[in-house]
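Asks: Chains A and B, in that order, are what the protein sequence lines are. In this text, residue positions in the first sequence follow the working numbering: the first is 1, and each later residue adds one. In this text, residue positions in the second sequence follow the working numbering: the first is 1, and each later residue adds one.
Bear in mind the hints are in silico, worked out from the structure with no lab data behind them. For glycine and all other residues, C-beta sits at the position ideal for the given N, C-alpha and C. You may find that some hints are simply not true.
[Unchecked claim] Output of the computed footprint for chain A on chain B, the stretches with three or more beta carbons under 8 Å from beta carbons of chain A:
1) 27 to 35
2) 39 to 47
3) 88 to 96
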Amino acid sequence: SQTIHQWPATLVQPVGSPLSLECTVEGTSNPNLYWYRQAAGRGLQLLFYSIGIDQISSEVPQNLSASRPQDRQFILSSKKLLLSDSGFYLCAGTGGRYTEAFFGQGTRLTVV
Amino acid sequence: GDSVTQMEGPVTLSEEAFLTINCTYTATGYPSLFWYVQYPGEGLQLLLKATKADDKGSNKGFEATYRKETTSFHLEKGSVQVSDSAVYFCALKGGSYIPTFGRGTSLIVHP
């Protein structure tokens, strides 16, 4: 079955510090990959998606960037965190165009 | 573009009550439809799915039927438990690379 490993589970970072969140995929090759952010009590905001290595599309202009150096690795980064970057970050994947999404366990980021 | 609309929450029920969470969608073509569940502090988990009209998805006592004529995929359960308390997301995936999610409905079940 398809699995996403996402780490760390929680992270507290000072304003202005860099960020790197990573997820890796098992159980499928050439997945479409996604980074979402979820504010408390709110829905999912799509940040980035990728259909292949080094192919990244940004949905929301912001302080974050994403990279996909390998087929099953997706990284979310920031050079300088803002307070507004706090939230719950979810990595997700799909195996094909009509198939379900599978999610990692999420990272709770608090910028202080 | 594609969209999913689900009822606002929270939905508050007593244990053993009947649950309905409404979901309607707009999409081109014939998407697959899904319900996901999210427990506090966790990622989303697939609860059930349906891939064509009149299909019924079911899992753990939850059911939803793909109604093409009303563009709906309502989630139902005959008798909820306290452990069903979570946020439920309706979603669709069609020919686009990007799945479309509703805003989520919080379910609170009291003993």
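Asks: Of the numbered hints stated earlier in the document, which are not met by this structure?
Replies: Result: no hint breaks.
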